[in-house]
Amino acid sequence: MRRRLQRAAATAAGRAAAAVSRWTRRGGGTAISGLAAQAIAPQYVPDALNRLSSLVLVSGTNGKTTTTALIVAALRAAGHEVWTNPTGSNLERGIAAALVRRAAWHGGQRRERSAVGVFEMDEWALASLLPRVTPTLVVLLNLFRDQLDRYGEIDTTARAWRKVMAGLPDSATVLANADDPLVTSVAQVHSGRVDWFGSDGLGEAAVLDPWADVRGCPGCGEPLIYDAVTFAHLGRWRCPTGDLVRSQPDVAITAAQPRGIDGLELTLATDGRHSRVEAPLPGVYSAYNVAAAVAAARVLGIGSDAALDAVVATGPAFGRAEVISSPQAEVVILLTKNPTSANQVLDLLAGEPEPLDTLVLLNDGVADGEDVSWIWDVEFERLRPRRLTLGGRRALDLEVRVKYAGVRPSEGDVDVAPGIADPLDRALSRADGRLAVIATYTAMLAVRDVCVARGWTTPYWSNA
Amino acid sequence: MTTGGPLLRLAYLYPDLMNLYADRGNVTCLERRCAWRGIELRVSTVAWGDSIDEPHDIYVIGGGQDRQQRAASDGLTRRHADRIGRDVADGAAMLAVCGGYQLMGRSYRDADGTVMHGLGIFDMETVHPGAEVARCIGNIACRWRDAHLIGFENHGGRTYLGAGARPLAEVVKGFGNNGTDGGEGAVAGTAIGTYMHGSLLPKNPHLADHLLATALRRVAPEYSLSPLDDDVEWRAHRAALGIVGV
Ligand SMILES: [Zn+2]
Chain A
1 MRRRLQRAAA TAAGRAAAAV SRWTRRGGGT AISGLAAQAI APQYVPDALN
51 RLSSLVLVSG TNGKTTTTAL IVAALRAAGH EVWTNPTGSN LERGIAAALV
101 RRAAWHGGQR RERSAVGVFE MDEWALASLL PRVTPTLVVL LNLFRDQLDR
151 YGEIDTTARA WRKVMAGLPD SATVLANADD PLVTSVAQVH SGRVDWFGSD
201 GLGEAAVLDP WADVRGCPGC GEPLIYDAVT FAHLGRWRCP TGDLVRSQPD
251 VAITAAQPRG IDGLELTLAT DGRHSRVEAP LPGVYSAYNV AAAVAAARVL
301 GIGSDAALDA VVATGPAFGR AEVISSPQAE VVILLTKNPT SANQVLDLLA
351 GEPEPLDTLV LLNDGVADGE DVSWIWDVEF ERLRPRRLTL GGRRALDLEV
401 RVKYAGVRPS EGDVDVAPGI ADPLDRALSR ADGRLAVIAT YTAMLAVRDV
451 CVARGWTTPY WSNA
Chain B
465 MTTGGPLLRL AYLYPDLMNL YADRGNVTCL ERRCAWRGIE LRVSTVAWGD
515 SIDEPHDIYV IGGGQDRQQR AASDGLTRRH ADRIGRDVAD GAAMLAVCGG
565 YQLMGRSYRD ADGTVMHGLG IFDMETVHPG AEVARCIGNI ACRWRDAHLI
615 GFENHGGRTY LGAGARPLAE VVKGFGNNGT DGGEGAVAGT AIGTYMHGSL
665 LPKNPHLADH LLATALRRVA PEYSLSPLDD DVEWRAHRAA LGIVGV
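Listed in order, the protein sequences are those of chains A and B. So in this note's numbering, the last one in the first sequence is 464, and the numbering has no gaps at all. So in this note's numbering, the last one in the second sequence is 710, and the numbering has no gaps at all.
Watch out, some of these pointers could steer you wrong.
Derived coverage of chain B by chain A (criterion: at least 3 residues anywhere in the stretch with Cβ under 8 Å from a Cβ of chain A; other residues may be distant) [unchecked claim]: (1) 491-502; (2) 552-566; (3) 572-581; (4) 662-676; (5) 694-704.
To be clear, the hints were calculated from the coordinates, so they are not data collected in a lab. Heads up, the beta-carbon is just placed ideally off N, CA and C, and yes, glycines get one too.
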């Protein structure tokens, strides 16, 4: 009884905090309400998650938000009530906030028991939460170097994941990226069912890019052999000593044809059937997110046709190739978090038929990574913009990077303006048709805020 | 490319193991600064199993995760110690960063207690106080000669210099070698080691040119570096100093 009261009080406190936060325009209230709820009931999140009819947790460095959105779409299309954290607020307090928003005033146990929870989780938040919940499905997307100043090293993350995998009950299914050797080394620790998604016949080059994060076998340390690389360290890999073996994907990407910023044409092979999909999600990296979502739907008992239909109908998540119309131009916001995602975005732009007006925004907040040296692993040498504007708190670091990369816009000089609104305005004033905005996490939120303030779009939490 | 200028041979050690913080930006920086001046910079990347057959004028090595660092220690001491030691003693420039810096000392005891041997180019020892002790992470600013160096550090190990090495620079903001004695990095002859990782040289063009000048003294003593337009670099340098309040 005491616990139930505590829970109701936590929910109430969280809702009040969210309301104040929105009212004072401090943000979506996504984290603050979770913090308030957790302060009153520390077991708030695991308790609530364990009452859901099934629980899906999605983690990995890149693609969490999109994959979560796709799984949610597939479940909702199949008639399930789904609870999720669609704002990308993926620490435990972000999940607490999502639960606060959903929970009824008296704890809402009846509704919880019929709902499916699908939550994206930060890599370290997953390691901390997993021992306290009993998930139905854990989706492990990939591990890339990201915000090292906060987390240390990806080997450290993989070690933490392996530790929690060892304690995961057999009732849980793990769905993992067969193309990522580090993720494979984690998933194989699970003693229950493991399903795989990955590529089959995709990619050609067998040499890793110099910035790729994983080069040695996570088991024995010997250099891995790649029969095909899709991007970064993902592909069809082999360990020369054979102590770690790549699994055959249950859902395999057999073809992926990027259609520039607008989307991707891909073919998936599942249970001997091939399906062609036109996804409104750009870049080859999106193919992995689609494959993961279809494989997750398969584990959850949703037919692949229904899952694919849902994918086709689901556009990009906020800030992930999201298109916002301004009076001057269409603004396409491309989130970059690390060398891998930034190089993927540059690939995407290189696939456009004409050079695009481009704005690059580099911030150094905690959520961006305070260390900006990673831009030297981003191949700006591939950038061929029409006009180029640089901004963000570390705009001058970008200017040096672009100078050493020898980037030459096809029109005008490189324009540099620290901050967010100022470079956006300058870029828009020169833009023609479309403006590609490459932005780190807090820069992406800030540029969206500017667009919201001008009435060009709605706050990201309004469609949560 | 025939440039008419002098030829410098740069050995980039273990880019496959030691590029944790985009350390290859340092090599990119040296390449461009040579190209702008008509100096031919020939970069050989040295992988773990490779041998270094000919002398080099500049050695560059970056940082790696602990496991890669163990492999690098093994490769350096078993395969490459003689060549690197001989060239550096003969006036070749060296820039060793973070994990690579630690391996140019006498030894490094990592968080698990494993002791890795280094090349002993710097008279120094590095000890990791254990995974539970906070790492030295953040922007770092130092005094170097009559100027500043600006960078970012992220290391668990604490480095202590012996009598045979002196610090590269004096910490103004940040931790440096060990967070206590105010020293950052090490100098021994023509070799420089530092915890300032990643893209150190692009925002510190004076240090980049110092390395090139050092290497050129060995191959073309009469050649002097022509000045470049470093306005962009210095603005970024000053802005980064401003961010740490220097
Ligand atoms: Zn192996």
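Right, here's what the structure says about each hint:
1. Counting residues of the stretch 491-502 of chain B whose CB lies closer than 8 Å to any CB of chain A gives 3, which reaches the minimum of 3, so the coverage claim holds.
2. For the stretch 552-566 of chain B, the stated coverage by chain A is violated: 0 residues have a C-beta nearer than 8 Å to a C-beta of that chain, whereas at least 3 were required.
3. As drawn, the stretch 572-581 of chain B meets chain A at 0 residues by the rule of a beta-carbon pair under 8 Å; below three, the given contact is violated.
4. Taking a C-beta to C-beta cut-off of 8 Å, the stretch 662-676 of chain B contributes 4 residues in contact with chain A, enough for the three needed, and the coverage statement holds.
5. With 6 residues carrying a beta carbon less than 8 Å from a beta carbon of chain A, the stretch 694-704 of chain B meets the three-residue requirement, and the given coverage holds.
Of the numbered hints given earlier, the model fails hints 2 and 3; all others are met.
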